[in-house]
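Colleague: The lines below spell out each chain.
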Amino acid sequence: MARILLVEDNEMNRDMLSRRLMKRSHEVIIAVDGRQALEMAEARVPDVILMDMSLPVLDGWEATRRLKALPATRAIPIIALTAHALSGEREKALAAGCDEFDTKPIDFAALLSKIDALLARRPSA
Amino acid sequence: MRRFRDFSIRAKLTTIVVGTTALVLLLASAGFVVSGVQNVKQAMIRELAALADAIGTNTVAALVFHDAAAARETLAALRSQPNVINAQVLSPAGDVFASFTAVETSDPPAAVIGPEVRHLVETRADGTYAWGHSLTVVRRVRLDNESVGFIRIEANLDRVTAAVRSVLITVSAVAILLLGVALAVGYRLQRLVSQPIVKLTSTISAVGRDKDYTLRAEKTSSDELGVLMDGFNEMLAQIQSRDEQLARQRNELEDLVTVRTAELQRAVVAAEEANRTKTTFLANMSHELRTPLNAIIGYSEMLQEEVTEAGDERFARDLQRINAAGRHLLELINAVLDLAKIEAGKMELHLDSFAVATMVDEIAAVIEPLAHQHRNAFHARLEGDVGVMRADLTKVRQVLLNVLSNACKFTEQGEVALVVGRETLEEREWLTFQIIDNGIGMTEAQLGRLFQEFAQAEDSVAGKYEGTGLGLALSRKISWMMGGDITVVSERGRGSAFTVRLPASVPDQSGEEKRDDGSARLPGSAGTVLVIDDEPAARDLMRRFLVAAGFAVATAGDGDEGLRMAAEMRPDVITLDVMMPGRDGWAVLAALKASPELADIPVVMVTVVGERNLGFALGAADYLTKPLDRPRLTAVLRKHCRGRFRVLIVDDDAQLRRQIRQALEQDGWLVVEAANGVSALERLREESPALILVDLAMPAPDGFEFLASIHDHDEWKRIPVVVLTPERLSDEERLRLGGQVARILEQRTFSAERLLGEIRALIGSPEKGRRHG
Chain W
994 MARILLVEDN EMNRDMLSRR LMKRSHEVII AVDGRQALEM AEARVPDVIL MDMSLPVLDG
1054 WEATRRLKAL PATRAIPIIA LTAHALSGER EKALAAGCDE FDTKPIDFAA LLSKIDALLA
1114 RRPSA
Chain Y
426 MRRFRDFSIR AKLTTIVVGT TALVLLLASA GFVVSGVQNV KQAMIRELAA LADAIGTNTV
486 AALVFHDAAA ARETLAALRS QPNVINAQVL SPAGDVFASF TAVETSDPPA AVIGPEVRHL
546 VETRADGTYA WGHSLTVVRR VRLDNESVGF IRIEANLDRV TAAVRSVLIT VSAVAILLLG
606 VALAVGYRLQ RLVSQPIVKL TSTISAVGRD KDYTLRAEKT SSDELGVLMD GFNEMLAQIQ
666 SRDEQLARQR NELEDLVTVR TAELQRAVVA AEEANRTKTT FLANMSHELR TPLNAIIGYS
726 EMLQEEVTEA GDERFARDLQ RINAAGRHLL ELINAVLDLA KIEAGKMELH LDSFAVATMV
786 DEIAAVIEPL AHQHRNAFHA RLEGDVGVMR ADLTKVRQVL LNVLSNACKF TEQGEVALVV
846 GRETLEEREW LTFQIIDNGI GMTEAQLGRL FQEFAQAEDS VAGKYEGTGL GLALSRKISW
906 MMGGDITVVS ERGRGSAFTV RLPASVPDQS GEEKRDDGSA RLPGSAGTVL VIDDEPAARD
966 LMRRFLVAAG FAVATAGDGD EGLRMAAEMR PDVITLDVMM PGRDGWAVLA ALKASPELAD
1026 IPVVMVTVVG ERNLGFALGA ADYLTKPLDR PRLTAVLRKH CRGRFRVLIV DDDAQLRRQI
1086 RQALEQDGWL VVEAANGVSA LERLREESPA LILVDLAMPA PDGFEFLASI HDHDEWKRIP
1146 VVVLTPERLS DEERLRLGGQ VARILEQRTF SAERLLGEIR ALIGSPEKGR RHG
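Respectively, the protein sequence lines represent chains W and Y. Residue numbering for the first sequence follows this note's numbering, beginning at 994 and increasing consecutively. Residue numbering for the second sequence follows this note's numbering, beginning at 426 and increasing consecutively.
Accuracy of the hints is not assured; some may be wrong.
As the list claims (entries may be wrong) - Cut-off 27 Å, straight-line C-alpha distance, at most; resulting in silico cross-link-like pairs (DSSO-like, lysine-lysine):
#1 W/Lys1107 - Y/Lys1051
#2 W/Lys1107 - Y/Lys1064
#3 W/Lys1061 - Y/Lys1064
Unchecked claim - Calculated Cβ distances over 10 Å to all of chain W for the following chain Y residues:
#4 Gly444
#5 Gly461
#6 Ile470
#7 Asn508
#8 Asp583
#9 Gly723
#10 Leu755
#11 Arg964
#12 Thr1059
No lab work stands behind these hints: they were computed from the structure. The beta-carbon is built from N, C-alpha and C at its ideal position, and this holds for glycine as well.
Based on the provided sequences and hints, a complete structural model is requested.
Modeller: Here you go:
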């Protein structure tokens, strides 16, 4: 199963999502803000990053841009999670370098299939 | 001849003056003539009477003595009177006693001594006269108041005639003179009246012609004409003042309009500002609401799973309710947000071409379980070939799912059908989606409120059937946005039939540029893409999407232009359409691969044609089929753009590999590692790098052998190679390396600076490279 970096500042959402992912035998590592996300991504090299876009310290947009600029982390697929359903968010997320996009509240089944799709697309490394 | 009433005033007045004068003169002249003639006659009568009396006195004796000769002698004295024609002395009985005629031969006419003389004789009247062509005077001859006879004298009227003539001449002369004077005076006087009128009429004509209400009639008198002028001038003054008033009001109105327009513009700006604020507020609100909802839905779902696994069904139903309530709330928020977006004009359409049948299949898969919940039979039917539609797939799906889920909700143990057809109306292609059920249906009143926000069929219904009350309002507005509509017919207790009608090709929202997103990466930083496609719409779509994804995009409309542009700009990657007029995609691909300068640019074939193997055989780097999957397109293009800056490190020393990798990656290069020649060849087969770094000192196959094997490969032998060696190479070794090695770095200790400098000198820097290919 995959190693998933979950970047989420809301404690409840973090708890809920990580427990549900772990139940499906994924390894979940946690970051609570953008800066931590960068550190964790470099240190642990996850297979997928679930990135909340509104984060303290360093927001998801900036964190994503930095991750995609770093050679060590740029290949890691990032799924943007945003509570904003305004049009343009999706394009904005993709433009920032995210590979996928989902709005909160999360449809868990759909999220799982997106994770699977991204993992399958990954070059055999 | 013109009638008198049509004469000009001038002619009329002159005619009147002259006519009146002439009439008066005529009458006066006639009077003069008559009275003149009368006077002459009276004088003549008196003269003749005196003459007769004188003769009578002289003939008394002759009469008394019957001496006719003496009487004739006395009568003869009349010869001196030129007017006397004849004269007689009559006996008292009236018989002629003596006679005289001016002309000898003529006899006294018997008639002269006719009845009138006889009457005189009988009545013994004294002095009586008679008229005819001549003037006759009869006088009695007396002796001691006894009539002894009569004297009769007849005279011609020559004197009267002469008198009449002379009077006529005089009067006529005077009359003509007077008439002349009258004409002159009359002409002068009529001008007093006619002149002002003529002037007035010319003023009226001028006003009428020039519409110049400042003109005034010139007043010359205070009579009725003066009053008329005053009246006319007063009227002009009023018109003028009204004109000025109107002009003033018009100006004021224009000023007012200008002011109002400015106010409106301010109001519009304020409203737009308010709208932006509202949208931002809604976005934030939506975020605030979604975060806790996320937890509610997620935890309840998780708990449901857990209790099910634990076999504890006691809480399952309650948890299901919490979850359903959470989802319902989410639907509400989404609907409110969508409606707000539509109102704020922020709703955007993402147009794509898609097969209608495929979409219907997907919808059927979602709706079927919903239909079964209420024990309904559901079937979807396509009428004829419904083909492809160009619209916002997500929104079409949203509308159809909304109407269909309503149909399922309001029908129990019945049937719900989706019938899809394609038709041409008013020269446009339409897709019609009919959603027919035999559920509870609606009354007229309910139908009227159906598409209103927050208006559900009725409270009792709302209590039983959960729903947002916003779905249909939203669905209709979305349909409107795409140029379509939703209509409905329904009968209470019998069922409803909704028709969603949408254009087969939804027009682009022109003039609506995508908002520039400041947070997006720099334009073109993802790489440069050359899009070769003959279809302008496809080019435009591709350009917009790729620019949004951070690529710099150039487009070419045909193969020749594409080849020319490829040579000029050396893009990171080319997307190539197969079906093009003239030089088709395959020909262009072959030409690209045949050119030494362009052969290494990866080409991604984009087409509806499914000839994948031919594409790869001709050297295509990737193959995408239309309609395009956007994330896939981006991923593919990113991969190839990165490939342009990929460096392959072939070294058995892991420590050194990591050092080089770090240095290169910091400079923006994408690094691929291989620990030996065999795995290096594998990496090469996966993807060609822009540069190969080789450590010559490796276990078998060593660097020399590796280089020899890539030299045999057509595609690889063009890749520049940098050789790393800790020792100085002998001449023989240099010879073995051949021409492919571009640089030889002899170094005992690794210097990242130097390495990067060499690489940049060879193939440029990644940043530079991205711009110039």
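Colleague: With reference to the structure, classify each hint as holding or not holding.
Modeller: Going down the list of hints, with the structure as the test:
no.: 1; hint: W/Lys1107 - Y/Lys1051; result: holds, 22 Å
no.: 2; hint: W/Lys1107 - Y/Lys1064; result: holds, 20 Å
no.: 3; hint: W/Lys1061 - Y/Lys1064; result: holds, 13 Å
no.: 4; hint: Gly444; result: holds, 101 Å
no.: 5; hint: Gly461; result: holds, 126 Å
no.: 6; hint: Ile470; result: holds, 140 Å
no.: 7; hint: Asn508; result: holds, 142 Å
no.: 8; hint: Asp583; result: holds, 137 Å
no.: 9; hint: Gly723; result: violated, 4 Å
no.: 10; hint: Leu755; result: violated, 6 Å
no.: 11; hint: Arg964; result: holds, 19 Å
no.: 12; hint: Thr1059; result: violated, 7 Å
Going through the hint list in order, the structure does not satisfy hints 9, 10, 12.
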